[in-house]
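Using the sequences provided together with the hints, build the complete structure.
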Amino acid sequence: MSKIVKLKKGFDINLAGKAQKKIANTPPSDTFAIKPTDFVGMTRPKLLVAEGDVVKAGTPVLYDKMQENVMVCSPVSGEVVEVKRGAKRKLLEIKILADKEIQYETFQTYNVSDIKSLSREEATAQMVKGGVWPNIIQRPYGVIAKEEETPKSIFISAFDTHPLAADVAFTLKGEEEAFKTGIEILKKFTEGTIHINHDLNGEVSSVFSGVEGVQHNKFSGPHPAGNVGVQIHHVDPIGKGDLVWTVTPYGVAQIGKLFNKGVYDASRVVAVAGSEVSEPQYYKTYTGACVNKIVEGNLKSENVRFISGNALTGEKIEKDGALGYYSNLLSVLPEGDHADFLGWIMPKKEVLSFHRAWGLFSFLNGKNKEYVLDTNTNGEPRAFVETGVFEKVTPMDIYPVYLLKAILAEDYDNMEALGIYEVIEEDLALCEYVDVSKHDVQQMVRNGIELMQNG
Amino acid sequence: MKFLHNILEKQKPMFEKGGKLEKFYYLFEAGETFMFSPASTAGNKGAQIRDAVDLKRMMMTVVIAMIPCLIWGIFNVGYQHHVAIGEQTSFFSVDNLLFGARWVLPIVLVAYAAGGIIEAVFAVVRKHPINEGFLVTGMLIPLIVPPTIPLWQVALATIFGVVVGKEIFGGTGMNVLNVAMTARAFLYFAYPSQISGEVWTQLAGETPIDAYSGATALSVAYDSSNVGNAVTAGLANVNSALAAPFGDFSFFSFENMLIGGIPGSIGETSTLMALLGAIILVVTGVGSWKIIVSAFAGAFLMGTVFNMVGANEFMNVPAQYHLVMGGLAFGAVFMATDPVSASQTETGKWIYGLLIGALTVLIRVVNPAYPEGIMLAVLLMNVFAPLIDFYVVQANKKRRLARATV
Numbered sequence: 001m002s003k004i005v006k007l008k009k010g011f012d013i014n015l016a017g018k019a020q021k022k023i024a025n026t027p028p029s030d031t032f033a034i035k036p037t038d039f040v041g042m043t044r045p046k047l048l049v050a051e052g053d054v055v056k057a058g059t060p061v062l063y064d065k066m067q068e069n070v071m072v073c074s075p076v077s078g079e080v081v082e083v084k085r086g087a088k089r090k091l092l093e094i095k096i097l098a099d100k101e102i103q104y105e106t107f108q109t110y111n112v113s114d115i116k117s118l119s120r121e122e123a124t125a126q127m128v129k130g131g132v133w134p135n136i137i138q139r140p141y142g143v144i145a146k147e148e149e150t151p152k153s154i155f156i157s158a159f160d161t162h163p164l165a166a167d168v169a170f171t172l173k174g175e176e177e178a179f180k181t182g183i184e185i186l187k188k189f190t191e192g193t194i195h196i197n198h199d200l201n202g203e204v205s206s207v208f209s210g211v212e213g214v215q216h217n218k219f220s221g222p223h224p225a226g227n228v229g230v231q232i233h234h235v236d237p238i239g240k241g242d243l244v245w246t247v248t249p250y251g252v253a254q255i256g257k258l259f260n261k262g263v264y265d266a267s268r269v270v271a272v273a274g275s276e277v278s279e280p281q282y283y284k285t286y287t288g289a290c291v292n293k294i295v296e297g298n299l300k301s302e303n304v305r306f307i308s309g310n311a312l313t314g315e316k317i318e319k320d321g322a323l324g325y326y327s328n329l330l331s332v333l334p335e336g337d338h339a340d341f342l343g344w345i346m347p348k349k350e351v352l353s354f355h356r357a358w359g360l361f362s363f364l365n366g367k368n369k370e371y372v373l374d375t376n377t378n379g380e381p382r383a384f385v386e387t388g389v390f391e392k393v394t395p396m397d398i399y400p401v402y403l404l405k406a407i408l409a410e411d412y413d414n415m416e417a418l419g420i421y422e423v424i425e426e427d428l429a430l431c432e433y434v435d436v437s438k439h440d441v442q443q444m445v446r447n448g449i450e451l452m453q454n455g
Numbered sequence: 001m002k003f004l005h006n007i008l009e010k011q012k013p014m015f016e017k018g019g020k021l022e023k024f025y026y027l028f029e030a031g032e033t034f035m036f037s038p039a040s041t042a043g044n045k046g047a048q049i050r051d052a053v054d055l056k057r058m059m060m061t062v063v064i065a066m067i068p069c070l071i072w073g074i075f076n077v078g079y080q081h082h083v084a085i086g087e088q089t090s091f092f093s094v095d096n097l098l099f100g101a102r103w104v105l106p107i108v109l110v111a112y113a114a115g116g117i118i119e120a121v122f123a124v125v126r127k128h129p130i131n132e133g134f135l136v137t138g139m140l141i142p143l144i145v146p147p148t149i150p151l152w153q154v155a156l157a158t159i160f161g162v163v164v165g166k167e168i169f170g171g172t173g174m175n176v177l178n179v180a181m182t183a184r185a186f187l188y189f190a191y192p193s194q195i196s197g198e199v200w201t202q203l204a205g206e207t208p209i210d211a212y213s214g215a216t217a218l219s220v221a222y223d224s225s226n227v228g229n230a231v232t233a234g235l236a237n238v239n240s241a242l243a244a245p246f247g248d249f250s251f252f253s254f255e256n257m258l259i260g261g262i263p264g265s266i267g268e269t270s271t272l273m274a275l276l277g278a279i280i281l282v283v284t285g286v287g288s289w290k291i292i293v294s295a296f297a298g299a300f301l302m303g304t305v306f307n308m309v310g311a312n313e314f315m316n317v318p319a320q321y322h323l324v325m326g327g328l329a330f331g332a333v334f335m336a337t338d339p340v341s342a343s344q345t346e347t348g349k350w351i352y353g354l355l356i357g358a359l360t361v362l363i364r365v366v367n368p369a370y371p372e373g374i375m376l377a378v379l380l381m382n383v384f385a386p387l388i389d390f391y392v393v394q395a396n397k398k399r400r401l402a403r404a405t406v
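The listed protein sequences correspond, in order, to chains A and B.
The numbering of the first sequence is full-length UniProt numbering, which starts it at 1 and goes up by one.
The numbering of the second sequence is full-length UniProt numbering, which starts it at 1 and goes up by one.
It should be emphasised that the hints constitute simulated quantities derived from the structure, not laboratory data.
A couple of the hints might just be wrong.
Restricting the straight-line Cα-Cα distance to at most 25 Å, the calculated cross-link-like pairs of lysine-lysine (DSS-like) are [unchecked claim]:
hint	chain 1	residue 1	chain 2	residue 2
1	A	K261	A	K116
2	A	K293	A	K9
3	A	K3	A	K369
4	A	K319	A	K9
5	A	K319	B	K45
6	B	K12	A	K152
7	A	K348	B	K2
8	B	K23	A	K405
9	B	K127	A	K392
10	A	K392	B	K23
11	A	K349	B	K10
12	B	K23	B	K10
13	B	K398	A	K9
14	B	K127	A	K152
15	A	K405	B	K397
16	B	K45	A	K300
17	A	K293	B	K45
18	A	K146	A	K90
19	A	K90	A	K152
20	B	K45	A	K405
21	A	K367	A	K21
22	A	K18	B	K45
23	A	K84	A	K316
24	A	K90	B	K45
25	B	K45	A	K84
26	A	K261	A	K293
27	B	K45	A	K316
28	A	K9	B	K397
29	B	K45	A	K392
30	A	K146	A	K240
31	A	K8	B	K397
32	A	K6	A	K367
33	A	K240	B	K127
34	A	K46	B	K45
35	B	K397	A	K240
36	A	K405	B	K10
37	B	K45	A	K88
38	B	K23	A	K6
39	B	K398	A	K8
40	A	K300	A	K348
In this text, all values refer to a predicted model and were calculated from it rather than measured experimentally.
Here is the structure:
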């Protein structure tokens with residue numbers, strides 16, 4: 001019983017510098033980092049290693065005091081070279097210098113029939129210890145799932161519609177077995193359905209096509225059609241008291257490999273893309289790779305911003321910074337720190353706009369035009385004025401402005417009634433892009449979620 | 001231009017926290033951002049790129065959409081003057097332009113100056129950015145007043161509109177009422193003698209010819225229905241010696257009222273120009289086509305209903321006449337679509353527009369003491385817009401709560 005959902009609302013941001021589908025042969029990054037700030041809701045990270053310690057891939061590095069069993073493990077083997085702390089000794093980054101040859105911590109391996117008979121408890125024990133549990137994100141709130149809870153369904157989005165997003169099928173080439181095993185493991189956690197959601201207009205990759213015992217749904221439409229939150233809303237919406245888990249396809253394969261091979265395999269194919277990259281393409285590396293080696297000699301200009309993740313939901317990192325735990329994309333965009341004479345009224349054709357207000361002619365360029373967008377805010381923050389725009393880029397039965405105003409007012413009842421459980425930052429990221437009044441919509445959403453969690 | 005920007009940047013510390021002129025930071029900010037869009041970049045987390053649009057551009061789009069009405073208004077003020085004194089000229093003549101500009105531009109300047117000063121004062125005192133809303137308000141107010149309005153009344157009304165209509169609620173985005181309509185209502189109730197009666201033609205001290213009546217279409221309609229004459233006939237009789245500026249139509253014919261060669265407030269005589277503005281607003285997406293369409297539909301429906309009742313001559317005014325008489329078109333296009341004071345939900349916008357149209361005709365017909373129904377209709381619906389939205393949003397909440405499991 002698969003579902004086909006055709007979405008109309010949304011907006012595709014077609015950026016220049018898409019990664020070509022080839023994997024580069026460059027010397028791999030040698031430094032990798034784990035950033036506790038990548039784990040949303042992790043408030044009290046506890047460090048398990050010190051500078052100078054030698055770790056293997058899969059050695060626990062830190063855990064959250066609030067969820068003590070779940071380990072975050074080192075992606076590579078090597079030496080802990082730096083523990084970076086910020087104000088009030090806040091743990092920011094643990095840097096590990098990788099060995100040439102990666103050594104792995106070994107975990108129990110299982111064959112296909114073993115996996116069938118494996119109990120949920122045994123599976124949980126291996127997953128929390130083996131570093132793959134943080135792949136499982138729960139809705140509401142978009143935080144790491146609690147291992148003792150049971151979701152009503154599990155959602156996996158098999159395509160990504162974000163600007164410059166890495167091609168999911170390409171990055172998982174050859175992971176068919178691992179993915180299948182991962183799904184088998186996940187089945188132990190829910191009595192409901194596991195949904196894999198595909199692009200209606202794309203080909204279903206062999207990674208997903210052979211998977212049985214799950215529901216394959218298809219989605220079409222502009223971004224955010226690929227967002228798992230939007231997909232949940234249309235297939236099995238979250239009501240008050242519901243719990244749904246989401247996992248990325250990469251996460252599923254990583255879980256699979258922990259059981260197939262008995263290792264925490266953090267190797268991943270990441271895309272390096274954006275208008276400022278000379279040769280945008282894919283690289284094979286590990287989770288948390290520092291980007292300096294990758295971008296060295298591969299940039300078109302100097303004044304650029306490195307973004308771990310995509311241009312809509314990503315995070316700015318430094319030139320020697322590292323990709324985030326969940327990130328398989330480095331976007332490099334021009335920094336927009338320029339003031340434009342009469343910039344508020346001059347015609348603009350080269351800056352993509354969802355709007356058609358006076359002088360915004362980008363809609364004349366057609367759909368296939370690729371844009372070089374910089375990080376300029378193109379205006380100043382103002383109160384909410386324009387109405388009906390957020391609704392046009394949010395393909396959900398939600399009134400984003402009312403929800404945001406409820407958040408600002410800290411009105412718990414209304415936040416709940418207006419759908420705070422159904423969204424996380426990425427689902428309203430387009431609102432932040434198109435906003436005339438330049439609100440930090442995603443930060444507001446997170447503030448609202450935190451209020452609900454703590455309230 | 002870099003040079004100019006550097007000069008501005010050098011002054012900046014003086015206005016920032018701890019600087020000598022810290023109080024005037026928002027004035028500086030307004031000035032600077034009008035010259036240069038700021039060099040600010042997206043934050044570390046979240047959307048790293050932002051749309052090219054901003055509020056200034058949005059507001060300017062509305063101002064640009066009003067320019068056809070303004071230009072028409074300038075020519076028409078001149079045209080009505082020359083017709084009134086028996087010197088009928090072609091509509092787009094230099095004489096009309098110069099005369100119209102002489103009387104209209106001061107009103108525009110005063111409205112912008114008064115609005116700008118009061119915005120600046122509030123920005124400094126209340127420590128908020130200068131709201132671009134006054135770009136629109138400053139243009140709207142001149143277009144909805146008679147050309148004979150004393151300038152001090154323009155200034156007073158603008159200040160009243162901005163302060164009572166907007167600033168006491170917290171500024172642009174927080175206001176309940178449409179600012180320009182608030183200003184218009186203030187004039188209407190505070191200085192009725194300057195905004196009703198024989199005020200619609202700027203005579204500039206000259207004596208009108210006997211054949212000319214400076215009454216508006218609505219008051220002509222009222223007068224003739226009072227004595228039991230068919231309104232269309234009444235309209236045909238007034239100024240019958242004069243021709244319309246374009247085409248072979250009588251002065252108060254449907255066609256001439258559509259084109260707008262009639263006396264009235266400066267910018268709202270021409271339905272055609274308002275529709276041109278509507279096209280700009282709809283194509284640019286700045287104004288809601290739903291509100292515009294439903295406001296016209298509401299007026300037409302209400303007019304039709306009255307036609308069917310037909311209890312007096314005003315009720316018998318053909319429904320399409322309601323669309324071209326008075327300020328309905330201008331109000332529906334530029335006032336009703338103000339995003340802040342209108343309904344904010346898409347369903348709500350249909351209801352809101354429909355009721356504005358219907359109420360306008362209802363007020364015109366049933367209570368002709370207030371011939372300009374659109375003003376009161378918009379203000380009334382401004383007040384009710386949050387209620388409409390409340391029920392629309394409530395339906396959404398109910399759908400969601402229906403599937404809650406706890």
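Status of each hint after checking the structure:
1. A:K261 / A:K116: holds, 16 Å
2. A:K293 / A:K9: violated, 39 Å
3. A:K3 / A:K369: This hinted pair is violated, its Cα atoms lying about 32 Å apart.
4. A:K319 / A:K9: Distance ~36 Å between A:K319 and A:K9 Cα, so the pair is violated.
5. A:K319 / B:K45: This hinted pair holds, its Cα atoms lying about 16 Å apart.
6. B:K12 / A:K152: violated, 56 Å
7. A:K348 / B:K2: holds, 19 Å
8. B:K23 / A:K405: Judged against 25 Å, a Cα distance of about 29 Å means the pair is violated.
9. B:K127 / A:K392: violated, 33 Å
10. A:K392 / B:K23: violated, 39 Å
11. A:K349 / B:K10: violated, 31 Å
12. B:K23 / B:K10: holds, 17 Å
13. B:K398 / A:K9: Holds - the C-alpha atoms of A:K9 and B:K398 are around 22 Å apart, at most 25 Å.
14. B:K127 / A:K152: violated, 49 Å
15. A:K405 / B:K397: holds, 15 Å
16. B:K45 / A:K300: holds, 24 Å
17. A:K293 / B:K45: holds, 23 Å
18. A:K146 / A:K90: Answer holds: A:K146 to A:K90 is near 24 Å, not above 25 Å.
19. A:K90 / A:K152: At roughly 36 Å apart (the allowed maximum being 25 Å), A:K152 and A:K90 break the hint.
20. B:K45 / A:K405: Answer holds: B:K45 to A:K405 is near 21 Å, not above 25 Å.
21. A:K367 / A:K21: At roughly 22 Å apart (the allowed maximum being 25 Å), A:K21 and A:K367 satisfy the hint.
22. A:K18 / B:K45: holds, 22 Å
23. A:K84 / A:K316: With Cα atoms ~17 Å apart, A:K84 and A:K316 stay inside 25 Å; holds.
24. A:K90 / B:K45: holds, 18 Å
25. B:K45 / A:K84: Judged against 25 Å, a Cα distance of about 19 Å means the pair holds.
26. A:K261 / A:K293: violated, 29 Å
27. B:K45 / A:K316: Distance ~6 Å between B:K45 and A:K316 Cα, so the pair holds.
28. A:K9 / B:K397: holds, 20 Å
29. B:K45 / A:K392: holds, 23 Å
30. A:K146 / A:K240: holds, 17 Å
31. A:K8 / B:K397: Satisfied, since the Cα-Cα distance of roughly 22 Å is no more than 25 Å.
32. A:K6 / A:K367: Satisfied, since the Cα-Cα distance of roughly 19 Å is no more than 25 Å.
33. A:K240 / B:K127: violated, 40 Å
34. A:K46 / B:K45: OK: A:K46 and B:K45 at ~24 Å, within 25 Å.
35. B:K397 / A:K240: Within the cut-off at roughly 12 Å; holds.
36. A:K405 / B:K10: Distance of about 37 Å is beyond 25 Å: violated.
37. B:K45 / A:K88: holds, 21 Å
38. B:K23 / A:K6: violated, 53 Å
39. B:K398 / A:K8: OK: B:K398 and A:K8 at ~24 Å, within 25 Å.
40. A:K300 / A:K348: holds, 23 Å
In summary, the structure is inconsistent with hints 2, 3, 4, 6, 8, 9, 10, 11, 14, 19, 26, 33, 36 and 38 from the numbered list given earlier, while agreeing with the others.
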